[in-house]
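Protein chains in written order, with our numbering: chain A, 1 to 454; chain G, 1 to 250.
Derived by calculation from the structure, the hints in this document are not laboratory data. Positions of the beta carbon are idealized from the N, C-alpha and C atoms, including for glycine. Keep in mind that a hint or two might mislead.
[Claimed, not checked] Estimated spans, in silico, between C-beta atoms of each pair:
hint : chain 1 : residue 1 : chain 2 : residue 2 : range
1    : G       : Val55     : A       : Gln329    : 53 to 59 Å
2    : G       : Lys110    : A       : Asn53     : 56 to 62 Å
3    : G       : Leu123    : A       : Glu62     : 29 to 35 Å
4    : A       : Asp361    : G       : Lys108    : 31 to 37 Å
5    : A       : Ser423    : G       : Asp209    : 30 to 36 Å
6    : A       : Asn53     : G       : Asn36     : 26 to 32 Å
7    : A       : Glu425    : G       : Gly175    : 36 to 42 Å
8    : G       : Lys108    : A       : Gly169    : 53 to 59 Å
9    : A       : Asp361    : G       : Lys14     : 49 to 55 Å
10   : G       : Gly64     : A       : Asn244    : 50 to 56 Å
11   : G       : Glu235    : A       : Asp361    : 57 to 63 Å
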Amino acid sequence: MTQKTTISPREELVSLYLENLDMITEGSPDILNRFREEAIQHFKLLGFPSVKNEKYKYSKIESLFTKDYEKYFAPKKISFRIEDIFRCDIPELDTHLAVVLNGFYFPNNGLTTKLPNGIIISSLAEAARNYPDIVGKYYNAQAENDTDGLVALNTAFVQDGVFIYVPKGVVEEKPIQLINLLLSTENQLVQYRNLIVVEESAQANVLICDHSLSPMQYLSNVVTEVHVGANASLEMVKMQNEHNDSAQLNHSYIVQERDSHVKTNVLSLHGGFIRNNLKMLLNGEGADAHAYGLYLADRSQHTDNYTYIDHAVPNCSSNELYKGILDDQATGAFFGKILVRQDAQKTQAYQANNNLLLTADAKVSTKPQLEIYADDVKCSHGATVGQIDREALFYMQSRGIGEHEATLLLMFGFAHEVVKQVSIESLRDRLDDLVEKRLRGELSRCNNCPMNCC
Amino acid sequence: MLVIKDLHAKINDKEILKGINLEVKAGEVHAIMGPNGSGKSTLASVLTGRELVEVTHGQVEFNGKNLLEMSPEIRSREGIFLSFQYPVEIPGVSMVNFMKAAVNEHRKYKGLGPLSASDFLKLLRERKELVEIDSALTNRSVNEGFSGGEKKKNEIFQMAMLEPKLAILDETDSGLDIDALRIVANGVNKLKRPDNAVVVITHYQRLLDYIVPDFVHILYNGRIVKSAGKELALELEKKGYDWIKNGEDL
């Protein structure tokens, strides 16, 4: 037997970092640069999370990195006009738009948009230069570089992403829409970073859409840090709609101060491999967190949601509902951890995960984990894995609705319980539409829209 | 309209129906009465095509077609309607979408195009008024969180929407207070026409005070043991089922 010496993806990425350090740091703001060295050391030590790591038990990560991807340390010039490829036609949905192309903020009349009410939507790198006080305060404040190798990898390599700033007291009705596009002629690894700061008593709605536009292989490793100030309110809807050759690793961190309200809704409509980490820290009394998720997977797709709600202080509430429909040989997982710390009396925490398996080959793993150290709390969790309700199916058939159509209506109804949590009506209706099309096996794309945007 | 000949059926290898013969003609109202476990609901299940029940012998013709070969949805489109004894709750599916799908499938079967949104809503409103169903119910998910009475009224509302040729009411009176019973019965009577028929399955006489049958059949131990006019129901009410069980006066 011949001994083959192969270099592991971990070693490869570490040497890629070292060899290109100049290029990585050059032109990158100090706020981003100052965390890189420590981060690459963490990554070197931690490597990729393995399935022995309980948090990543259901997803094999390292093999995703063994494919050949191009990695860019500066945006590759692709000239197109945003209007040519993007015409989001959600009726009555008017948004402030930001586009990220292959991990870099795409200039739309410059790299920064400042609204009259003080809201800033900007390239993260640009914002680190223009608003160092704000970005410096919140950037890398939550990311778990020392425990999650993927997060450390992002921090080491990050070049850009989106910065959203909603100043104190500003209430913005119009949603802010981030569109992440993958468009290239070669396979790519993209690692960008979003930072969202909603200050005290401010209110915002953020809609994030992920799309792959060309049939190449993509791997995205994205970190999003969100800070929500006292009495502020944020709703974040994320729609994932990428093709089967794409893999997404998302790490979202949200910290909530006193009396703040946050609602997140992640709709995984399509994608080869999706792993979403969501950590919400309830850091001020009276904070209220809602986390919703819907995952639809078929063929050999894989979706895995990990949520961690940290009740650090008393009198906070959290409510989680994740639902999944898995068809063919698709696999899915939900791992929901709730931590109620010793001081966090009067906590209310609820969690539910419901799954529909359409075939005998589809698989889902569901794992609730409640760690409660306070004694005066209300917590509950429930997980179900089931098939289409035969009684309901017969009931619908007995009204003349064919079996196929009745099954679709039931699945649609199942999914709607998550979609209905989206507050913006026009967006909710469109998402219902997309879910229905997806369940019918039609591609989830807007009418008249050449892109798969919501 | 409906001709049942020597029908035998079993559930999990247990024979429940042991030779049913029944003919229902257009314009007629039939009541099927009988003690618990006599096979009433099984008969309704056979007629609507529930998988659980296996027909082992006999024939069922509906307007000259072999009913037993049809899937449940085709039976519905052909004009059979079952008012469920236990209507099913379907979270997430709105009554409006449910009925729109059902009405349009029926129309498609007849070679008609789907109703426009405004025509559909008009129909919905009309039929709601006809059967005196609370407006708010149609804005909710199918039967979800409905009271017992609301569920039964909702069955009659669906019947009004679909205008079946043959309606089978499976213990529609169970769990209803007297006001709800009157509303349900009025709905059925308003929908009655010379070209349709109703089969009422019930334990009690009281529903038959409102929906007056032309024929009353007593089902016992898988067979129809006695058929007569509406006076039979009154007799049952007086004497109970024991005389049937004891085999007297057959």
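Looking back at the hints listed earlier, which ones does the structure fail to meet?
-> Failing hints, ascending: 1, 3, 5, 6, 9.
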